[in-house]
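Peer 1: From first to last, the protein sequence lines are chains S and E. Heads up: the first sequence at position 289 corresponds to 289 in UniProt numbering, and the numbers run straight through without jumps. Heads up: the second sequence at position 185 corresponds to 185 in UniProt numbering, and the numbers run straight through without jumps.
Please note that a few of the clues may not be correct.
Stated by the list, open to error - Looking from chain S toward chain E, a few residues come up when the C-beta cut is under 7 Å (computed):
1) K256
2) A439
3) F453
4) S456
5) V542
6) T546
7) A555
8) V558
Everything labelled a hint here was simulated from the structure, so no lab data went into it. C-beta: ideal position from N, C-alpha, C; glycine also.
Take a look at the letters that make up each chain.
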Amino acid sequence: MSSLSLDFSKSLLGTGNVELPSKETNLSLSSIKHDIRYSSTIYVASPKEAILSSGHQIWLKPKKKTDDKDILKVDESSQLIDMGKLRRKLEIDALIKKQEPSRKGRFEKTFGNGGNGTTGNNQMDNNRPVDRRKINSLWTEKYRPKSFFDLLGNENTNRRVLEWLNQWNETVFGRPTPEKLLPEYMKTSKEGSDRPFHRILLIHGAPGTGKTSIAHVIAKQLGYEISEINASDERAGTRVREKVKNSVENVSLSGKPVCLIVDEVDGASEHGFVSCLTDLLYQDRKSKGKILKRPIIAICNDVYAPALEKLRPQCEVVPFRKCNSRQIKARLRKICQKESLGGINEKVLEALVASTNGDVRSCINFLQFHGNECDDTIDGKDTQVAWYLLLGEIFSRSGKSSRQQQLEKIRKILSLAAPSVLDHVIRGCFNAMLECETASLRRLDQMSSWLYFQDSVSCKYMAFDREDIGSYGSTATMKFAQTFNEINTNSEQRLDFRSRDEFYEIKRTIREVIRWLRKNPILAGYRKNFFIGGLMPMLNYVLVPTELPLRKFEAERVSHGVEIAKSLGLYYGLESTPEEFHKKVHVFRPRLGLFLVSEDTIGKQSAYIERLQAHSIREKEAKEVEIERKRKIEEAAERNDGNSKRQESTSTIEFFRSKYQAMTEKLEKKDGGDRGRGVMGENENRIWVKYHEGFSNAVRKEITWEGLFERT
Amino acid sequence: MSLWADKYRPKTLADLDYHADISNKLKRLSTSGDFPHLLVYGPSGAGKKTRVMALLRELYGSGAERLKVDVKTFQTSSSRKLEFNVISSPFHLEITPSDMGNNDRIVIQDLLKDVGQTESIDFTGLLRGNDQKAVSSNKKKFKVVVINEAELLSRDAQAALRRTMEKFSANIRLILVCNSTSSIIDPIKSRTLAIRVGLPTVEESAKVFEEILQREHVANKVFPADEEERRILFGRVCEAAEQNLRMGIMMLEALYMNNEKVSSGTEMIRPDWEIVIDELASGIIKDRSVVKLQHSRSVLYELLAHAIPAKLILKRLMLDLWTDLDSFGALKDKDGVKRKMVSAASTFDERLSLGSKDIFHLEGFITRVMVIVEGELTK
Chain S
1 MSSLSLDFSK
11 SLLGTGNVEL
21 PSKETNLSLS
31 SIKHDIRYSS
41 TIYVASPKEA
51 ILSSGHQIWL
61 KPKKKTDDKD
71 ILKVDESSQL
81 IDMGKLRRKL
91 EIDALIKKQE
101 PSRKGRFEKT
111 FGNGGNGTTG
121 NNQMDNNRPV
131 DRRKINSLWT
141 EKYRPKSFFD
151 LLGNENTNRR
161 VLEWLNQWNE
171 TVFGRPTPEK
181 LLPEYMKTSK
191 EGSDRPFHRI
201 LLIHGAPGTG
211 KTSIAHVIAK
221 QLGYEISEIN
231 ASDERAGTRV
241 REKVKNSVEN
251 VSLSGKPVCL
261 IVDEVDGASE
271 HGFVSCLTDL
281 LYQDRKSKGK
291 ILKRPIIAIC
301 NDVYAPALEK
311 LRPQCEVVPF
321 RKCNSRQIKA
331 RLRKICQKES
341 LGGINEKVLE
351 ALVASTNGDV
361 RSCINFLQFH
371 GNECDDTIDG
381 KDTQVAWYLL
391 LGEIFSRSGK
401 SSRQQQLEKI
411 RKILSLAAPS
421 VLDHVIRGCF
431 NAMLECETAS
441 LRRLDQMSSW
451 LYFQDSVSCK
461 YMAFDREDIG
471 SYGSTATMKF
481 AQTFNEINTN
491 SEQRLDFRSR
501 DEFYEIKRTI
511 REVIRWLRKN
521 PILAGYRKNF
531 FIGGLMPMLN
541 YVLVPTELPL
551 RKFEAERVSH
561 GVEIAKSLGL
571 YYGLESTPEE
581 FHKKVHVFRP
591 RLGLFLVSED
601 TIGKQSAYIE
611 RLQAHSIREK
621 EAKEVEIERK
631 RKIEEAAERN
641 DGNSKRQEST
651 STIEFFRSKY
661 QAMTEKLEKK
671 DGGDRGRGVM
681 GENENRIWVK
691 YHEGFSNAVR
701 KEITWEGLFE
711 RT
Chain E
1 MSLWADKYRP
11 KTLADLDYHA
21 DISNKLKRLS
31 TSGDFPHLLV
41 YGPSGAGKKT
51 RVMALLRELY
61 GSGAERLKVD
71 VKTFQTSSSR
81 KLEFNVISSP
91 FHLEITPSDM
101 GNNDRIVIQD
111 LLKDVGQTES
121 IDFTGLLRGN
131 DQKAVSSNKK
141 KFKVVVINEA
151 ELLSRDAQAA
161 LRRTMEKFSA
171 NIRLILVCNS
181 TSSIIDPIKS
191 RTLAIRVGLP
201 TVEESAKVFE
211 EILQREHVAN
221 KVFPADEEER
231 RILFGRVCEA
241 AEQNLRMGIM
251 MLEALYMNNE
261 KVSSGTEMIR
271 PDWEIVIDEL
281 ASGIIKDRSV
291 VKLQHSRSVL
301 YELLAHAIPA
311 KLILKRLMLD
321 LWTDLDSFGA
331 LKDKDGVKRK
341 MVSAASTFDE
351 RLSLGSKDIF
361 HLEGFITRVM
371 VIVEGELTK
């Protein structure tokens with residue numbers, strides 16, 4: 001029976017090698033034992049004896065509290081403790097403690113030395129970026145755009161945000177907005193050009209497209225202090241009201257005006273929050289005294305979230321699309337340079353951008369955490385990147401391995417993939433299959449059955465356990481690999497996995513429009529098929545003639561159109577075209593034009609819809625004038641009627657004052673004028689007048705009658 | 001109520017223009033005071049809903065026309081909240097459970113039970129006012145629930161409906177409105193009185209058009225004065241609208257709004273997606289290639305993006321292919337092609353129901369059609 005004593009305190013250092021090197025077993029055990037015993041007494045007085053299940057006897061020593069600085073220990077290869085080394089270490093510790101201020105420098109220096117000393121030591125090389133990360137925080141924060149010119153993405157969109165915020169200049173800073181930044185409606189409108197028409201800017205777009213960044217950057221650049229409310233803050237009605245009010249009405253400590261950025265509005269399940277904003281807008285419109293004086297920028301992912309239904313029409317909506325991959329790649333390359341990630345080549349970046357679907361944030365995150373190690377080979381665990389590359393694998397033969405091997409590889413990866421990845425892959429297969437050279441009608445027909453199989457499996461996925469049906473998930477993809485795997489030279493070109501963002505966006509918009517329209521009792525009863533397929537297109541034709549202009553009976557036709565629009569509860573609105581943000585076209589709200597498949601009608605519709613709007617406004621104005629006239633007549637009549645009465649009691653205070661005076665006069669006469677100052681004498685009970693009545697912080701305040709009168 | 005189709009919709013049973021026999025039956029039904037559950041079926045645009053509304057008016061007076069839309073929320077078993085529109089008047093409810101997809105059962109259960117368990121108080125005396133006498137004899141203590149698109153109810157929902165119909169028959173009368181009864185389960189058919197409302201004939205439709213134009217003086221001037229020309233024009237409108245009366249009226253209105261002068265030869269205005277599919281269909285038959293398939297894919301994406309239901313696209317495509325085949329020389333007399341094509345259409349229709357990715361199956365259908373046509377030509 002041999003007894004080994006292991007130094008457990010050493011394993012706590014994190015770098016120690018607990019196993020005994022094999023060559024040392026040749027040495028006499030007793031001498032080792034002696035050695036270790038000796039060294040252990042330095043640490044603790046009494047080690048405990050323990051017998052392992054294997055029969056070995058070991059000595060357990062109590063844990064020794066260790067310092068982080070122990071990491072500095074250079075040589076860890078030996079199991080035995082060298083007393084000289086230990087002493088040296090203590091010396092270094094002491095030195096470090098002494099030179100606390102310059103500690104960081106020493107750290108770096110030590111590492112530098114270590115790296116030089118052990119050339120090619122992998123461990124040391126890896127330590128460096130790890131450490132820097134600790135100091136520099138997340139790269140996504142580090143490389144957040146600092147100025148307007150740093151911003152990625154559609155410049156048009158960026159400029160639109162800038163312009164909107166610039167339009168606040170007059171209200172906030174009192175300096176006029178540059179003339180060219182003013183949109184048409186602000187130059188001409190009666191209300192003056194002090195604020196943009198929509199008081200809230202609503203930015204929406206997919207995650208990682210830089211929405212929050214742009215809001216912060218532009219607000220900062222224009223000299224605002226940023227006050228942010230996001231989903232992490234409590235946003236229940238009353239609480240947030242205070243905060244919003246504070247930031248909108250007050251000036252920050254730094255003296256800069258505040259720009260309120262409301263992040264993640266769509267996530268606000270608390271309805272109080274959105275209604276707080278709408279209330280603000282309502283006040284702004286209704287009462288002159290409570291106008292909104294500070295810009296508010298709202299940010300969300302899903303602009304059609306039900307929570308935003310009320311807010312949306314009152315906002316300037318700016319959609320953020322994904323920036324193009326060239327821009328993202330350029331930015332990532334810059335980061336790579338700065339962080340000296342040499343191992344990242346163009347191909348990796350390409351794959352990265354494609355797999356994250358243009359999400360810049362997750363690209364940077366990926367870079368940070370994978371550092372130099374990321375390459376474009378498929379890693380079974382890294383499904384995020386993998387699905388895109390997997391498609392390449394499916395559709396093109398690599399020269400390196402045999403067909404069988406390649407199929408086997410694909411199968412392995414697929415068996416590990418999550419259902420959402422499979423979904424991505426199958427969609428990608430579908431998108432790419434037409435572009436294959438070997439695609440024939442017959443083959444495609446065959447594949448469509450496989451697609452159906454895959455579709456039905458994924459539909460039923462939730463109904464079964466993963467074990468039951470999961471293994472079938474990859475079969476269709478395998479079939480694709482079998483059918484279309486081909487040697488192809490220009491594979492990069494061919495694999496076009498277009499994202500159908502636009503497709504989904506229109507679909508969502510339309511669904512929203514339908515939901516809205518269906519709240520009208522007249523429209524709610526129609527069958528869905530007829531509603532979409534018949535009613536809506538025809539309604540478009542009825543409201544807006546395709547062939548213009550029509551001269552005969554024009555007025556009648558226009559008024560007929562206006563009447564229909566009114567009966568269906570349609571509004572008129574301005575909307576920017578998808579191509580040009582500055583060009584505003586007149587549309588119906590909700591957008592009826594969306595129901596026409598050939599959308600080129602938008603431009604044509606615009607002018608006519610404007611006419612309808614003008615007509616309806618004229619009608620409305622005429623009605624209002626009529627109402628106003630009536631009101632005036634009534635008022636005049638009333639004035640004549642109660643003229644004399646009114647003057648008597650102009651205000652309650654006057655009324656009471658006169659009463660009071662009459663009373664005091666009476667009293668004074670009675671008492672012979674010895675009480676000059678008031679009704680109540682010193683000894684009588686005083687009257688307490690409640691101050692701030694009805695509130696929890698009500699105070700009692702002593703005031704005299706005169707004081708009361710003067711207060712107002 | 002400014003669209004002609006709404007403006008001139010008959011309000012009472014007496015106003016109905018055609019199907020006098022059905023009107024009489026309904027009239028008798030309403031005077032008897034009580035009536036069984038109804039199953040009103042027929043093609044769309046025939047006037048089912050108009051008749052149902054007229055019947056309700058007959059029963060309850062004009063109060064039944066004061067409609068409002070409420071949004072009700074339901075909770076599914078997985079505690080997801082669903083919003084659901086309910087159109088209601090003081091006397092009836094109107095629901096479209098198929099909006100909810102597979103959750104329609106919950107709507108049926110919750111809503112109907114809710115309505116069924118509350119006895120309605122007899123306000124008729126208050127609301128009818130003048131013709132109180134007519135009502136007082138037969139107290140209508142039930143509420144009517146109109147279920148639209150009943151053929152789209154899932155099996156579960158229909159099963160849920162089945163017992164409810166009997167259990168709460170004291171308080172509820174159901175009127176199921178649907179296009180065809182083929183997917184309505186037998187137990188429900190046996191519990192209801194079926195009324196079929198057929199499409200109006202061309203003459204009947206023309207009569208309706210004429211009446212509308214007589215009341216729209218300005219529009220009347222735009223349309224031809226000659227009687228014969230009008231007859232031809234109305235005939236063409238009917239044809240374009242597939243005898244769907246409501247569609248026909250909308251087309252008539254569109255014609256008025258879009259043309260300086262309408263003559264018998266004026267081009268009809270049809271929903272543009274139909275035209276897009278027409279072109280697609282003729283393209284498919286003429287050019288059967290992968291390139292064409294690519295083109296058709298983008299067309300399909302476009303159509304789907306505009307929320308046009310996939311099944312509607314498939315149906316329209318099939319019908320267009322059918323007519324195109326007749327004019328396609330080489331395949332004119334081969335019945336086999338059409339048979340194969342219809343069979344393919346039904347296959348892919350099923351796939352659309354079972355799957356969730358519409359684009360896969362629509363394109364699959366087009367591919368299949370190409371293969372069929374190609375196979376027939378090379379034979």
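Peer 1: If a hint holds in the structure, say so; if it does not, say that too.
Peer 2: Checked hints:
Given hint, K256 (chain S) at the interface with chain E, is violated; its Cβ is 42 Å from that chain's nearest Cβ, farther than 7 Å. Taking 7 Å as the C-beta cut-off, the interface hint given for A439 (chain S) holds, the closest approach to chain E being about 5 Å. About 9 Å separates the beta-carbon of F453 (chain S) from the nearest beta-carbon of chain E, more than 7 Å, and the hint is not met. Given hint, S456 (chain S) at the interface with chain E, holds; its Cβ is 5 Å from that chain's nearest Cβ, closer than 7 Å.
Because the beta carbon of V542 (chain S) sits about 5 Å from the nearest beta carbon in chain E, less than 7 Å, this interface hint is met. Hint status for T546 (chain S): holds, given a least beta-carbon distance of 6 Å to chain E, under 7 Å. Nearest Cβ of chain E to the Cβ of A555 (chain S): about 9 Å, over the 7 Å cut. The hint is violated. With its C-beta approaching chain E no nearer than about 10 Å, V558 (chain S) sits outside the 7 Å limit, and its interface hint is violated.
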